[in-house]
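**Student:** The hints should help you fit chains C and A onto chain W, whose structure is shown.
As given, the protein sequences belong to chains W, C and A, one line each in that order. Following this note's numbering, the numbering of the first sequence begins with 81 at its first residue and continues without gaps. Following this note's numbering, the numbering of the second sequence begins with 68 at its first residue and continues without gaps. Following this note's numbering, the numbering of the third sequence begins with 466 at its first residue and continues without gaps.
These are computed hints drawn from the structure, not numbers from a lab. Be aware that one or more of the hints could be misleading.
Some, not all, of what chain W presents toward chain A, calculated at C-beta under 10 Å [unchecked claim]: (1) 124; (2) 190; (3) 193; (4) 200; (5) 203; (6) 323; (7) 325; (8) 349; (9) 368.
Anything over 10 Å on all C-beta distances counts as not near chain A; from chain W, calculated [what the hints assert, rightly or not]: (10) 94; (11) 157; (12) 170; (13) 176; (14) 197; (15) 360; (16) 378; (17) 379.
In the DSSO-like style, the derived pairs of lysine-lysine whose C-alpha atoms are separated by at most 30 Å in a straight line are [as the list claims (entries may be wrong)]: (18) 616/A / 374/W; (19) 184/W / 824/A; (20) 206/C / 512/A; (21) 206/C / 211/W; (22) 206/C / 824/A; (23) 616/A / 184/W; (24) 268/C / 448/C; (25) 144/W / 461/C; (26) 226/W / 251/C; (27) 563/A / 224/C; (28) 376/C / 211/W; (29) 563/A / 272/C; (30) 251/C / 211/W; (31) 461/C / 211/W; (32) 476/C / 563/A; (33) 249/C / 305/C; (34) 669/A / 224/C; (35) 376/C / 144/W; (36) 784/A / 268/C; (37) 118/C / 512/A; (38) 224/C / 512/A; (39) 118/C / 669/A; (40) 375/C / 211/W.
Each residue gets a CB set at the ideal place from its N, CA and C atoms; glycine is no exception.
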Amino acid sequence: MFGYSMADIGNIVVMQGFSGLSMFTVLLLMALGLAIIFGQMGVINMAHGEFMTIGAYTTVLISKVAASYGFTDYYFVFAIAIAFLLAFAVGYFVEFIMIRHLYKRPLDTLLATWGLSLVMQQIFRSSFGAKEVSAELPEWMLGSFKPTPDIDIPINGVFVMVLAALVTFGVYMFMYKSRWGLRVRATVQNRTMAGAVGINTAKVDRVTFALGCGIAGIAGAAFTTIASTGPTTGTLYIVDSFMVVVFGGAASIVGTIASAFGIAQAQSILQFFMTSSMGKVSTLLVIVTILMMKPEGLFASKLRK
Amino acid sequence: MSTSNRRGFMKGALVGAMMAAGLISGHAFAADYPTAKVNTTGLAVTDSTVKVGILHSATGTMAISETGSIQAEKLAIEQINAMGGILGRKIEIIQEDGASDWPTFAEKAKKLLEKDKVAAVMGCWTSASRKAALPVFEKDNGLLFYPTFYEGLEQSKNVFYTGQEATQQILAGLDWIAKEKKAKTFYLIGSDYIWPRTSMKIARKHIEQHLHGTVVGEEYIALGDTQFGSVINKIKLKKPDVIYAAVVGGSNVAWFKQLNAAGLNSSKQTMLTISVTEDEVLGIGGENLAGFYSAMKYFQSQDNPENKKFVEAFKKRWGKDAVIGDVTQAAYLGPWLYKAAVERAGSFDVDKVQAALPGYTFKDAPEGPVTVEANHHLTTKLRIGQWGKDGQAKVVYTSDYIKPDPFPKGYQ
Amino acid sequence: MTLWEKMKASPVLGGKEGVIGLAVLAAVIFVILPLSVDIFRLNLIGKYLTYAFVAVGLVMLWGHGGILSLGQGIFFGLGGYAMAMFLKLEASDPESTKIQSTPGIPDFMDWNQLTALPWFWEPFKSLPFTLIAVLTIPALFAYIIGYAMFKRRVGGVYFSIITQAIALILSILIVGQQGYTGGVNGMTDLRTMLGWDIRSDSAKYILYFVNGLLLFGAIFLSKYIMSSKFGMLLLAMRDKEERVRFSGYDVSNFKIFIFCLAAMMSAVGGAMFTLQVGFMSPSFVGIVPSIEMVIFCAVGGRASLIGAVYGTLLVNYGKTVFSETYPELWLFLMGGLFISVVMFFPNGLAGIWDKLATKYGWFKDKAEVAKKPEVSTSGVEAQVVLTETTETMLAADSTNTATKAPRKRASKKDTGLESSKMRGAEA
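Next up, chain W with everything else stripped away, as it sits in the complex:
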């Protein structure tokens, strides 16, 4: 077939399948934090990409420290934890000084957080320089895993995948199995009522927002293994993240997962058969068309106004 042997085609199908899965987990990690912030709270956080960048720079810095103290092999664990905490803290602070005043005006949060993203980009540039930097990866994360001689499964892809699974599981447990999750869901569904039964809704909001930011921080840390870190890195991810969340149906975490999967597979396959940039355009076009027909997204949960 087309001059390729069946074995070749089989190998490519396996690797292509993996690359679709890998893209799925990347999109999922990007979008999870946003799914909480935008989906649950209705806050359009245009600075989401910059929270990822916080995570990325944290990882780069820690890799430098690790290199000088010789714990390069397992610094990533620390990096992810610290990236989460740092992004969480910044998110907590931002919610306190800015976001909480804007809950009634969702479109305005869009503009304000866009402003925030500009400020954060300049802070990154002033403190880390305009040039892109790279975290030195531990030896075990380089290269590929080979089930057969002709199949390469990227180890960093597997790493992102495992991390995405863990984070998704964590978010699920948090939202549906914990007291906090209960409070968050109660607040989202009926703020007044939740307040009336004694939930501190302001605090719930703050922690929820910070949590979303913290997850963005983890995503940023993970992405240092596959892409670049620079002051404007965050802008590369923001539209994709929003498309995933909106396409999935804003308030549904299952929807976010499904939509990340669908978008990733579509884009991955289209990019295989078309040129890369046309593949991307076609995917976006399909999403927009579907959204025009089904504006509430794939998995809409009916919300009380």
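**Tutor:** Showing chains C and A alone in chain W's frame:
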């Protein structure tokens, strides 16, 4: 040798080099060149100063790349000032930010030429910014020194191109890799804009017509895209002898990291890129690049004395971690060429400066001697560097001098 | 009735204060600026004013209609590209392109191995067609988007995000199809329009004034629409869409109409941009410029037409000045502006003016009115600004306006109602 001693020695050596560079007119004194004579067109030239503009992106996505150029140009200007300036006039820098936005480049170019009346501008990086600013330079008869390697197809009397045009960078490199690696099949991949597309067009013609090889795939990535899984699989399916790459910006980093992770490292795959300099390696990480080749006219690791001095001076001025890429070096040439041109012309008038520069050979260029041709491009050598884990390249091949040919016959 | 009284009483112009506001703006654009700055700066201001078209459109769409489009760059770009195609064809006559392999086609096509002009470029050889295309293509595009979305009641945030995605798609397409569009470089080196050199100083003056007149045309048209029944409905729709729908109106048609109108205005701005700046590039189509244009409008006061013009001028002037002196600080400032306008001055400059005017009781009687213009033409834009009230009154905090809307509709016959009267009612 103690640090202070070495520094003193280097300083001496540096000044020596700079004296040599300025030999044409020796020490010029402003009094020998009355302002009324050397400036008949109302440029910002006084008895003691001359204003020169620097126009690059200090903010926005392109700041990543353009910062190095700004630093190199400032360094060159400071060195020129330290040895007395141009015709006895110190250079005053007026720096403008193009903000990675092409229209802003046009606006700022206009400001520099029409409001500040600068005698020359060192600037622009992307083709798009140059294309946007070019009509301004042509209309106001300004002078631009443009440092980036670019796609060619342009020749303006108002611009001197201190980087390579496409054929200089592409042909010799392809010849080398075809001979060295006995390559027959090529996979072309680039970011989706004019420079990679034009370069790939030239590369394809050269591969098909002169090297009698085949192009098994040609791929363009949207600027800023970071997902390469599918593209890499396509490459694996085609199994090319050589990947010929011109991916830029944030995509570049993702491209190399993912390529490596997919098992296509230099032990399995030969790759020649025309878009990776020492600047990019910072973001990509040497371990992801080790063993791949870049075709450039300059590498920081070059061993000639001029380059060693330059690298030393650059690090002293901008920090020991600073790296110098091809474009940074080309940007460094700009002020020196301008100085030479003014001194040859004995005037700051743009028309005379333009006429005076072609034919000049800058012997002390860090990359080695370069000659300005009548088409305003430089005759240079091409070098192939093989990247090491430390982020520096080992020069494995140096071509003969290659004349610039911005409108190559048979490649259009 | 004197002319003054007639104008004052005109509901379209927005009463006494509205007339004065327009007069001051006209004085600033047509007299003060041309007399006080050189042609270089004036050309820059002309460029800024082309963004004001977008901002004026956004005032109607967002400030009055409550629809936030993050894709106005699409229409600005379409208008600009249509004009650029015409100019590029004129600049690519066989004589000046004879070094190309195919003379007579734009240079970027030649670089991309096109050997003939693509069919959709052919009609752009005609200026009348181009002018019609500048208006109709964006309107048509807006109609399709608007129809698809508003008929399905997509609104609010979703509309914003989808328009943003469309802006992204269009900019990737323009960049990717560089043989037809010039790619990331855009269309550069545009020189003449029907033989008239648009790069000369005299042409720049003429274009500046044409631009100013068109902008006033756009403002008058918007004012006319705002003061009509339609304008009232639009406001009511923004505040309580269901009620309007239940009153028997087809809300989506209004939205589509206003979206198309805003698109057309943006497109005119785009075309004027191309003429004044001499090129068009995809960097005006994408997400960033589209959001920046929203902030121009927000700074001026999202509900004030005149405020939008001042907002545009102020932000761009600030951008130019700051990026010349403190490029590092510019992003901080721009970001801070976004944040502070949204958080502290949701009604922008117009809101600040309105507060001042209320506090000091300006525009209460004729004597003060007569003095007013002198005070405000002190040259500082921030002070000149803000001279509109009818709109600013209506702006803002939706809970507040929600209660006002029905009242307004009730007194519809009296649309010219003096802003001071309304203010009195509120106070």
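**Student:** Decide, hint by hint, whether the structure agrees.
**Tutor:** Structure-based check of all given hints:
Evaluation of the residue 124/W hint against chain A yields a held restraint, the C-beta minimum of about 6 Å falling below 10 Å. Because the beta carbon of residue 190/W sits about 6 Å from the nearest beta carbon in chain A, less than 10 Å, this interface hint is met. Taken as an interface hint, residue 193/W checks out: its beta carbon lies about 9 Å from the nearest beta carbon of chain A, inside 10 Å. The beta carbon of residue 200/W comes within 8 Å of a beta carbon in chain A, closer than 10 Å, and the hint placing it at the interface holds.
Because the closest C-beta pair between residue 203/W and chain A is about 8 Å apart, less than 10 Å, the hint holds. For the restraint placing residue 323/W at the interface with chain A, the shortest Cβ-Cβ distance is roughly 6 Å, inside the 10 Å limit, so the hint holds. With its C-beta approaching chain A no nearer than about 9 Å, residue 325/W sits inside the 10 Å limit, and its interface hint holds. The closest approach between the C-beta of residue 349/W and any C-beta of chain A is roughly 18 Å, which is over the 10 Å cut-off, so the hint fails.
The interface hint given for residue 368/W holds, since its Cβ lies 5 Å from the closest Cβ of chain A, which is under the 10 Å cut-off. For residue 94/W, the requirement that its beta carbon stay farther than 10 Å from each beta carbon of chain A is met, with the minimum near 30 Å. No beta-carbon of chain A comes within 10 Å of the beta-carbon of residue 157/W; the shortest separation is about 34 Å. Once the 10 Å rule is applied to beta carbons, residue 170/W is consistent with being away from chain A; the minimum gap is 15 Å.
Distance check on residue 176/W: its Cβ is at least 13 Å (rounded) from any Cβ of chain A, clearing the 10 Å threshold; non-interface status holds. Once the 10 Å rule is applied to beta carbons, residue 197/W is inconsistent with being away from chain A; the minimum gap is 7 Å. Not every CB of chain A lies more than 10 Å from the CB of residue 360/W, the least distance being 7 Å, so the non-interface label is violated. Even its closest Cβ contact with chain A, about 13 Å, leaves residue 378/W beyond 10 Å, as expected for a residue assigned away from the interface.
With a minimum CB-CB distance of about 15 Å to chain A, residue 379/W clears the 10 Å threshold, and the non-interface call stands. For the hint linking residue 616/A to residue 374/W, the alpha-carbon distance of about 11 Å falls within 30 Å, and the restraint holds. At roughly 27 Å between alpha-carbon atoms, residue 184/W and residue 824/A fall within 30 Å of each other, so this suggested pair holds. For a cut-off of 30 Å, the pair hint linking residue 206/C to residue 512/A stands: about 19 Å separates their Cα positions.
The straight-line distance between the Cα atoms of residue 206/C and residue 211/W is roughly 34 Å, outside the 30 Å bound, and the hint therefore fails. Between residue 206/C and residue 824/A, the direct Cα distance comes to roughly 52 Å. Violation of the 30 Å bound is thereby established for this hinted pair. The hinted pair formed by residue 616/A and residue 184/W meets the criterion: a straight-line CA distance of about 25 Å does not exceed 30 Å. Straight-line distance between C-alpha atoms of residue 268/C and residue 448/C comes to about 22 Å, which keeps the hinted pair within the 30 Å bound.
With a CA separation close to 25 Å, the supplied pair residue 144/W and residue 461/C stays within the 30 Å bound. This hinted pair checks out: residue 226/W and residue 251/C have alpha carbons roughly 28 Å apart, not beyond 30 Å. For the given pair, residue 563/A sits about 18 Å from residue 224/C by alpha-carbon distance, which is consistent with the 30 Å threshold. With a CA separation close to 24 Å, the supplied pair residue 376/C and residue 211/W stays within the 30 Å bound.
Note on residue 563/A and residue 272/C: the hinted pairing holds, with a Cα-Cα distance of about 23 Å set against a maximum of 30 Å. Taken as a hint, the residue 251/C and residue 211/W pair is broken in the structure, with Cα atoms around 36 Å apart against an allowance of 30 Å. For the suggested pair residue 461/C and residue 211/W, the alpha carbons sit about 23 Å apart, so the restraint of at most 30 Å is met. Only pairs whose Cα atoms come within 30 Å are accepted, and residue 476/C paired with residue 563/A is accepted, the gap being roughly 15 Å.
Restraint check for residue 249/C and residue 305/C: the C-alpha separation of about 17 Å stays at or below 30 Å, so the hint holds. For the given pair, residue 669/A sits about 25 Å from residue 224/C by alpha-carbon distance, which is consistent with the 30 Å threshold. With a C-alpha separation of about 29 Å, the suggested pairing of residue 376/C with residue 144/W holds against the 30 Å cut-off. Distance hint between residue 784/A and residue 268/C is unfulfilled; the C-alpha atoms sit about 39 Å from each other, more than 30 Å.
Taking the CA atoms of residue 118/C and residue 512/A, the gap is about 27 Å. The hint holds against a cut of 30 Å. The hinted pair formed by residue 224/C and residue 512/A meets the criterion: a straight-line CA distance of about 28 Å does not exceed 30 Å. A hinted pair counts as satisfied when its Cα atoms are at most 30 Å apart, and residue 118/C with residue 669/A qualifies at roughly 27 Å. Annotation: proposed proximity of residue 375/C to residue 211/W holds, straight-line Cα distance about 23 Å (limit 30 Å).
Consistency with the previously given hints fails for numbers 8, 14, 15, 21, 22, 30, 36, ordered from lowest to highest.
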